[in-house]
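With the hints as constraints, model all of the structure from the sequences given.
Sequence order for the protein chains is V and X.
Note that this note's numbering numbers the first sequence so that position 156 is 156, with each residue one more than the last.
Note that this note's numbering numbers the second sequence so that position 300 is 300, with each residue one more than the last.
If you're looking for bench data, these hints aren't it; they were derived computationally from the structure.
Be a bit skeptical, because a hint or two may be false.
For chains that are exact copies, the list does not tell them apart, and a pair is met inside one copy or across any two.
What the hints assert, rightly or not - Dumping the calculated DMTMM-like pairs for lysine to aspartate or glutamate here, alpha-carbon to alpha-carbon at most 25 Å:
1. K37 x E113
2. K76 x D110
3. K124 x E278
4. K45 x E316
5. K339 x D13
6. K339 x D123
7. K76 x D303
8. K124 x D303
9. K339 x E121
10. K37 x D336
11. K339 x D118
Protein chains: 2
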Amino acid sequence: MSDANTPDTPKGDDARDQLVELAEQFYDQFADGSVPKMTLPTRSKSNIEYDDDSDVWVYGDRTSTRSANSVRGARKLLKSIYTIDFLAQQLDEDRSSTLRELYYLSESWDEEEAQFNDQSESDKLVEDLEIVSGVKREDFHMRPEESGAKVMGPLRIREQTNRGDREIHCQDDVGQGGYQIPNNPDTIEFLDCDAEFVMCVETGGMRDRLVENGFDDEYDCLVVHLGGQPARATRRLTKRLHDELGLPITVFTDGDPWSYRIFGSVSYGSIKSAHLSEYLATPEAQFVGIRPQDIVDYDLPTDPLSDSDVNALESELEDPRFQSDFWTEQIELQLDIDKKAEQQALASRGLDFVTDTYLPERLDEMNVI
Amino acid sequence: MSDANTPDTPKGDDARDQLVELAEQFYDQFADGSVPKMTLPTRSKSNIEYDDDSDVWVYGDRTSTRSANSVRGARKLLKSIYTIDFLAQQLDEDRSSTLRELYYLSESWDEEEAQFNDQSESDKLVEDLEIVSGVKREDFHMRPEESGAKVMGPLRIREQTNRGDREIHCQDDVGQGGYQIPNNPDTIEFLDCDAEFVMCVETGGMRDRLVENGFDDEYDCLVVHLGGQPARATRRLTKRLHDELGLPITVFTDGDPWSYRIFGSVSYGSIKSAHLSEYLATPEAQFVGIRPQDIVDYDLPTDPLSDSDVNALESELEDPRFQSDFWTEQIELQLDIDKKAEQQALASRGLDFVTDTYLPERLDEMNVI
Numbered sequence: 001m002s003d004a005n006t007p008d009t010p011k012g013d014d015a016r017d018q019l020v021e022l023a024e025q026f027y028d029q030f031a032d033g034s035v036p037k038m039t040l041p042t043r044s045k046s047n048i049e050y051d052d053d054s055d056v057w058v059y060g061d062r063t064s065t066r067s068a069n070s071v072r073g074a075r076k077l078l079k080s081i082y083t084i085d086f087l088a089q090q091l092d093e094d095r096s097s098t099l100r101e102l103y104y105l106s107e108s109w110d111e112e113e114a115q116f117n118d119q120s121e122s123d124k125l126v127e128d129l130e131i132v133s134g135v136k137r138e139d140f141h142m143r144p145e146e147s148g149a150k151v152m153g154p155l156r157i158r159e160q161t162n163r164g165d166r167e168i169h170c171q172d173d174v175g176q177g178g179y180q181i182p183n184n185p186d187t188i189e190f191l192d193c194d195a196e197f198v199m200c201v202e203t204g205g206m207r208d209r210l211v212e213n214g215f216d217d218e219y220d221c222l223v224v225h226l227g228g229q230p231a232r233a234t235r236r237l238t239k240r241l242h243d244e245l246g247l248p249i250t251v252f253t254d255g256d257p258w259s260y261r262i263f264g265s266v267s268y269g270s271i272k273s274a275h276l277s278e279y280l281a282t283p284e285a286q287f288v289g290i291r292p293q294d295i296v297d298y299d300l301p302t303d304p305l306s307d308s309d310v311n312a313l314e315s316e317l318e319d320p321r322f323q324s325d326f327w328t329e330q331i332e333l334q335l336d337i338d339k340k341a342e343q344q345a346l347a348s349r350g351l352d353f354v355t356d357t358y359l360p361e362r363l364d365e366m367n368v369i
Numbered sequence: 001m002s003d004a005n006t007p008d009t010p011k012g013d014d015a016r017d018q019l020v021e022l023a024e025q026f027y028d029q030f031a032d033g034s035v036p037k038m039t040l041p042t043r044s045k046s047n048i049e050y051d052d053d054s055d056v057w058v059y060g061d062r063t064s065t066r067s068a069n070s071v072r073g074a075r076k077l078l079k080s081i082y083t084i085d086f087l088a089q090q091l092d093e094d095r096s097s098t099l100r101e102l103y104y105l106s107e108s109w110d111e112e113e114a115q116f117n118d119q120s121e122s123d124k125l126v127e128d129l130e131i132v133s134g135v136k137r138e139d140f141h142m143r144p145e146e147s148g149a150k151v152m153g154p155l156r157i158r159e160q161t162n163r164g165d166r167e168i169h170c171q172d173d174v175g176q177g178g179y180q181i182p183n184n185p186d187t188i189e190f191l192d193c194d195a196e197f198v199m200c201v202e203t204g205g206m207r208d209r210l211v212e213n214g215f216d217d218e219y220d221c222l223v224v225h226l227g228g229q230p231a232r233a234t235r236r237l238t239k240r241l242h243d244e245l246g247l248p249i250t251v252f253t254d255g256d257p258w259s260y261r262i263f264g265s266v267s268y269g270s271i272k273s274a275h276l277s278e279y280l281a282t283p284e285a286q287f288v289g290i291r292p293q294d295i296v297d298y299d300l301p302t303d304p305l306s307d308s309d310v311n312a313l314e315s316e317l318e319d320p321r322f323q324s325d326f327w328t329e330q331i332e333l334q335l336d337i338d339k340k341a342e343q344q345a346l347a348s349r350g351l352d353f354v355t356d357t358y359l360p361e362r363l364d365e366m367n368v369i
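Structure follows, in structure tokens:
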């Protein structure tokens with residue numbers, strides 16, 4: 001069983017050192033008589049590229065520079081210094097905070113020019129610091145606003161909480177609601193795992209159906225609730241389950257373009273967090289359904305595609321992350337039939353159809369079970 | 001300590017009997033040679049009234065009748081019969097399903113006229129059946145789509161899950177994420193409680209702040225995350241904590257009209273579910289803040305009110321549920337200063353201000369601690 005503290009990026013003291021080093025660079029630039037500056041990869045769609053080694057999308061070679069040679073640039077660096085100071089102190093005290101708290105907290109800073117004008121500014125700065133320092137936000141102890149989702153299945157974990165360690169079996173020690181993923185899942189150590197694969201489920205209703213029907217038990221499956229667009233914590237845990245425990249990851253969503261994006265964010269990473277793809281994305285994740293072909297094969301109850309659905313599908317046809325025969329075929333079929341279906345639409349064949357027939361057949365085809 | 005199965009409304013076999021009795025009424029009406037019908041309270045804002053005994057808002061005396069003397073009415077009764085049949089069978093088999101599953105499942109019914117045209121139709125029918133039978137949706141084993149939120153604090157519970165009972169202490173046996181409330185919190189039995197009061201918190205960021213700062217531990221408080229407009233499960237659990245354990249309920253939200261509605265749904269119930277007020281609403285719940293007066297007193301970072309904020313505040317001034325000196329004064333002050341603030345805005349005075357100063361002072365004023 002692997003260690004919880006797989007040091008993908010620096011933690012604790014190391015994270016603090018990386019931050020302070022950044023501030024020291026500005027100091028040295030001043031001392032040298034040069035204008036302080038910070039260089040970052042350009043964060044746009046045109047500057048993400050597929051990394052063949054890691055099979056994820058990462059930033060390309062284009063860079064942008066923040067220099068103190070303009071008032072605007074100088075103010076940005078000033079804000080960076082104040083933020084680094086706050087983060088270093090937070091790490092010293094082993095505390096944490098949210099992005100929103102950082103934004104509000106800046107109002108208490110003595111230097112008014114360093115205060116943030118809105119939260120998007122402080123959010124972006126923290127992302128910039130992640131990229132430049134190579135330290136993840138979680139390791140700065142910045143908690144996301146959004147909660148991670150919940151897990152049910154044959155896995156025993158140890159979680160380091162701020163009140164001591166807790167050992168929890170994700171079936172035997174939890175209620176029907178399952179184990180709640182903490183904001184920073186790197187505090188989790190995997191102790192014992194009897195699971196054969198992971199199934200990430202988009203909707204709460206389907207998650208509850210699988211749990212009620214005992215799917216996790218019968219198929220030795222870890223059911224991970226995504227709850228729409230998955231939180232960072234959920235994606236991180238999924239990746240660790242794959243990398244450290246060698247579990248196949250499957251994703252089960254509604255059959256519409258927004259759900260394919262949910263699959264994409266689990267498997268390919270997102271443009272906004274391409275610097276974190278290696279930390280969050282699981283390129284080996286497999287899409288279970290609902291596939292447009294399922295709508296046809298199982299004659300599912302459907303809704304017609306809206307204009308925005310059609311646009312989203314067309315944009316996926318162009319998206320480098322969806323360039324495969326499978327996706328091209330499925331998306332073109334969906335545009336052709338002009339229909340979408342929810343995962344719970346499988347209930348039109350009875351409440352147990354999904355666990356007795358649909359999933360076992362599909363997972364068998366995919367060689368997962 | 002009270003029993004988990006406080007039979008507020010019939011459960012299991014009783015729920016089934018109530019449903020079947022409804023169907024029998026239709027049968028008897030047929031047998032008598034009269035046109036079958038179903039009578040319901042009128043479900044509109046004009047037909048809710050304050051019940052002095054229970055201190056909650058309930059439906060008034062006006063009623064509407066569904067009769068089979070029109071094709072439309074006959075179809076409604078047919079759908080009711082099919083739904084009752086499905087629910088009775090579900091209860092027989094001790095299974096459960098979601099509202100969305102019911103809607104989709106109707107596509108498998110042999111009688112096409114009984115199938116629902118959209119989910120709002122089946123949702124409404126289930127509510128009607130709740131009202132007429134006096135049985136709650138949860139006791140029909142209809143699970144909500146939305147998950148309940150999570151609890152952290154000195155409480156030990158036993159939850160009946162479909163894989164056996166689980167005993168869980170909501171501090172010692174859970175991770176940082178806390179105990180996940182199940183969809184039907186009436187499966188929970190309270191075993192031991194060292195809590196002195198309950199604090200329902202709107203945002204995840206503030207919930208995490210209280211937990212990180214050990215507020216639940218220091219003040220013997222059950223921190224219940226609302227996560228925006230609270231799920232039925234969360235409101236039900238809150239009510240049970242009040243009624244069965246005698247705990248004062250406090251509600252801590254952002255300082256804007258939408259958050260006052262969140263408080264209202266915990267304390268007064270909603271128009272849509274006025275038939276459930278006695279089951280879900282806790283009229284003794286107290287509002288902690290953020291109050292408009294706090295924005296002034298603590299000079300909090302704010303945003304200006306939008307047009308829809310102003311409209312919502314004005315509508316609250318007219319709302320029978322907000323007719324108190326406290327609310328009138330606060331809402332008028334807010335319209336006057338034209339500002340709103342989030343609970344996390346307290347971070348502008350430091351990350352610990354909320355737990356060291358704001359909450360202790362406010363709760364002391366309110367005689368909660």
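Against the structure, the hints:
1. K37 x E113: Close inside one copy (18 Å), not across copies (71 Å); limit 25 Å.
2. K76 x D110: within (16 Å within a copy, 67 Å between copies)
3. K124 x E278: within (20 Å within a copy, 47 Å between copies)
4. K45 x E316: So K45 and E316 pass the 25 Å test inside one copy only (13 Å; across, 45 Å).
5. K339 x D13: neither (53 Å within a copy, 41 Å between copies)
6. K339 x D123: So K339 and D123 pass the 25 Å test across copies only (23 Å; inside, 37 Å).
7. K76 x D303: between (48 Å within a copy, 23 Å between copies)
8. K124 x D303: Classified as between: cross-chain Cα gap 20 Å, same-chain 38 Å, threshold 25 Å.
9. K339 x E121: Between copies only: 21 Å across chains, 40 Å inside a chain, cut-off 25 Å.
10. K37 x D336: neither (52 Å within a copy, 45 Å between copies)
11. K339 x D118: between (40 Å within a copy, 16 Å between copies)
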